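Engineer: Protein sequences appear in the order of chains S and L. The first sequence begins at 1 in the working numbering and counts up by one. The second sequence begins at 449 in the working numbering and counts up by one.
Because the hints were derived from the structure by calculation, they are not lab data. The model shown is predicted, which means the values in this text are computed figures rather than measured ones. It cannot be assumed that every hint is accurate.
Listed below are the simulated DSSO-like cross-link pairs for lysine-lysine, each with C-alpha atoms no more than 27 Å apart in a straight line [claimed, not checked]: (1) L:752 <-> L:542; (2) S:202 <-> L:752; (3) L:777 <-> L:531; (4) L:656 <-> S:220; (5) L:531 <-> L:542; (6) S:214 <-> S:127; (7) S:220 <-> S:287; (8) S:214 <-> L:688; (9) L:752 <-> S:133; (10) S:287 <-> S:127; (11) S:197 <-> L:752; (12) S:428 <-> S:197; (13) L:733 <-> L:656; (14) L:656 <-> S:197; (15) S:202 <-> S:33; (16) S:382 <-> S:179; (17) S:428 <-> S:127; (18) S:26 <-> S:54; (19) L:499 <-> S:214; (20) S:33 <-> S:305; (21) L:528 <-> L:499.
Which residues of chain S face chain L? A few of them, derived with a C-beta cut under 10 Å, are [stated by the list, open to error]: (22) 12; (23) 15; (24) 16; (25) 91; (26) 127.
Virtual Cβ for every residue (Gly too), placed ideally from N, Cα, C.
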Amino acid sequence: MVPIWLSIPFVGLLLSIALFPLINSKFWDHNQKYVVCFWFVMVSCMLFYVFGLKSAGRVVLDSIVNDYLTFIVMLFGLYCVAGNISFEGDLAGSPRVNVFLLAVGTILSSCIGTTGSSMLMVRPIIKMNSWRKRKNHIMIFFIFLVSNIGGCLTPIGDPPLLMGFMRGVPFFWSLGLWKMLLLNMVVLLTIFRFIDKRAYRKDIAEGRRPDISKAGTEIKFVGLHNLIFLIMIVVAVILSGTLPNMKEFQDASGKVLGVTLPFDVVLSYPSIIEILIILLAAFLSFKTTDKEVRRSNHFTWGAIKEVAVLFIGIFVTMQPTLMLLNEFGPKLGLTEPFQMFWVTGCLSSFLDNTPTYLVFLTTAGSLGFTHGIVTSLGVLPKTMLIAISAGAVFMGANTYIGNAPNFMVKAISDENGIRMPSFFGYMKWSLCILIPVFLLDTLVFFVI
Amino acid sequence: MINEYADEHKKMRALAGRIYDLDKRVYEEIGSNLGRVFTGDRDRTIDNIIKMFADTKESHILRSDLALISNMARSIRNKKVHKAVMTEYDEIVKTIDKLKLNSDKVEIIDKYIAGLNTLVMKKRFLEGQHLIICISRSYGSGGDDIGFGVSDNLEIDYYDAEIFKTVLKRLEAEKDGLIDASQMKISSASKLAKKNPGLARDEHFSLKEKISKLNRYHGLSIRDAVFFNQSELLCDMARKQDFVVMGRCADVILTNNCIPHISIFITAPLMQRVQRIMELNHVDKKTALRQVREVDRAHASYYKYYTGRRWGQAGNYDLSVNSASYGIKGSVDFILNVLKVNGIEKS
């Protein structure tokens, strides 16, 4: 039995992320690593108090090595590679251009993953809209669509779907979510266009105007060879999902082979391969790209540093809450797709959506259905699987910490002159816009 | 009767010829990078100008063309040539007046109100700044004629929508080196909105042209791109010269760019304007009322879209004039007096 008070450090860290920038942003900017360190030490001590040194050490080290390390290496790789692709163009950020780019980014997310697509698209969008004053809503909708919802069509799109694929869900099954994606895209892009048009008009009324003095639009991507490294990273992520199922990477008992670390924590070979491929891609990207490209992209280490610091705290302090979820998730009595959609979604808004997805996939698989998609966890009706997948993927957009690229996009935007809303400010947007859209999804796809 | 008509036609032809020759001379003198106003061959151009004389709806285009020629003529450096050209220009304008071709012959004055007005206004302009007068006007209030009269009296350039459009097109043509400016002018004139002559003449583009425009205007809508171009052009011009500009949200554009100017709104009571439009457009009262409302609505919507302000709200302007109180000439004098009181006179 996991005591509920073990979740205090996680809540404390979330509140720190949410409140410190509001109360004293200067303090937060200078001391966030110490704040994260405080909650990290606190949860470690609490785990030690409850479970003893060995178990506590195992939980902490396992979350760092097997969850955080692969997560941050992937993010680092994509940040480096995307930072070496520069967009040189004078396409002016207007409502119609922004809608087009968000739509392209959303579809791209299913092809190269939400993180890859976000990193690739974020700078061009910021650049095109640099002439405007009111633009944080563009980045908010970017997080909604490109960093989250767009990843629902393939296992490459978002890690939970990759986990599903590893457990027997057919690779192309998630393409079946296209209707849901289309509805969400249409509704969200319509709302976005309305909001963006108002903001655009206000900008014009204030006398702002883009530089369109040159005849003709020039769009040029510099460092496009980095797309090869981007594909390398996508392949590495796919391999990390597929290699553990191969016999060559398993011992006689079916356990995945790897390097054993203290507290019996194992860093699996597939994870090592993934990390090495990604680091190689990042290295080659840096070696083969001119410094000027990074300079024109305003490439700094600030954004990735901030994400690295915050997320090590989040990944470790989140462990007791995930334990609670593992314990109580199956006992929640969830039997209907709409229940799965909301519970998976709400928990994915704050917790890592991959373990959340797995908990509810396991729960649904154990309900004894006889018709539907056959997975290694049991048979799941199509609607049930759609509900869990969509909940995990879509609702990561509800908060900054709901999905890996969310905070990254926020940090890059903050670095490039876009004042992004606070943690709660962002949630206000998601509550007012996303929740009604998800209610509509519930009505259309799970109730009627 | 036939002889009278023949005489009239002869006079018009002679006048059209003088306009064509004036344009040619100005162009030859300065070799303006804006190009010539009338670039077709002499006979065909004269025929087109005569058509403009005959149609009151097109007479304001002719006036705009004349204003464009005078704008260029004012930049002639040779004083002797400058004087000769401007004298010829003045004579042409006077002759046009005598022929009673212009819409400013249709009065709007309400003599009773006119008798009650006095003029009091304090000095406001600093020295050394270019005089820019932005005039917004409600349809049928005679604002165009008043604006033209003010610029003519002050001997400064006059820009209205047609001129701006032409200027932009020519700048574009120069950038691309592709578009024949004269063809555009003819096409623009031929596309006069038949239903409501007061409405801006939207040009229709083929799909190919639209794609090309999308590329040219950096993904912006043509309307927005034209507005941005106009804004840029307006600011550039405002730093170099004195002028009167009609509409185009110029007052707000200049305010946003911290460029001093005088903003004037000219209007008149609805029925007075309707009466004037009936006479100008040869339409019945109902049609005139519809036209006035449509044009006013279009102006208000455009102004609101690009400035966020309410068009015609007196508080947004330095001076709001009820042209029915003074008539066209009286309004011109009124504005000139206001400027004179503030130390601004013909240079």
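Engineer: Does residue 214 of chain S sit within 27 Å of residue 499 of chain L, going by the straight-line distance between their CA atoms?
Structural biologist: Measuring from Cα to Cα gives roughly 37 Å; hence the hint is violated.
Engineer: Going straight from one Cα to the other, do residue 214 of chain S and residue 688 of chain L come out at no more than 27 Å?
Structural biologist: holds (22 Å)
Engineer: Identify whether the interface hint at residue 16 of chain S stands, where standing means a beta carbon of chain L within less than 10 Å of its own.
Structural biologist: This hint is violated: residue 16 of chain S lies away from chain L, its Cβ roughly 40 Å from the closest one there, beyond 10 Å.
Engineer: Should the hint that residue 15 of chain S touches chain L count as held when the rule is a Cβ pair under 10 Å?
Structural biologist: At about 39 Å, which exceeds the 10 Å cut-off, the nearest Cβ of chain L leaves the hint on residue 15 of chain S violated.
Engineer: Does residue 752 of chain L pair with residue 542 of chain L here, judged by a C-alpha cut-off of 27 Å?
Structural biologist: violated (38 Å)
Engineer: Quickly compare the C-alpha distance for residue 531 of chain L and residue 542 of chain L to 27 Å and report which way the hint goes.
Structural biologist: It holds: about 16 Å lies between the C-alpha atoms, which stays within 27 Å.
Engineer: Is the hinted pair residue 777 of chain L and residue 531 of chain L satisfied, with a Cα-Cα distance of at most 27 Å?
Structural biologist: holds (25 Å)
Engineer: Next pair to validate is residue 656 of chain L with residue 197 of chain S; report whether the Cα-Cα distance is within 27 Å.
Structural biologist: holds (26 Å)
Engineer: Under 10 Å is the threshold here; is the Cβ of residue 12 of chain S close enough to any Cβ of chain L for the hint to stand?
Structural biologist: With a closest approach of 44 Å, the residue 12 of chain S hint is violated.
Engineer: Given the hint that residue 656 of chain L pairs with residue 220 of chain S, test it: the Cα-Cα distance must not exceed 27 Å.
Structural biologist: holds (23 Å)
Engineer: Hinted pair, alpha-carbon criterion (27 Å max): residue 382 of chain S, residue 179 of chain S. Please report holds or violated.
Structural biologist: holds (14 Å)
Engineer: CA of residue 428 of chain S to CA of residue 197 of chain S, is that 27 Å or under?
Structural biologist: holds (20 Å)
Hint compliance for this structure: hints 1, 13, 15, 18, 19, 21, 22, 23, 24 and 26 are not met, and every other hint is.
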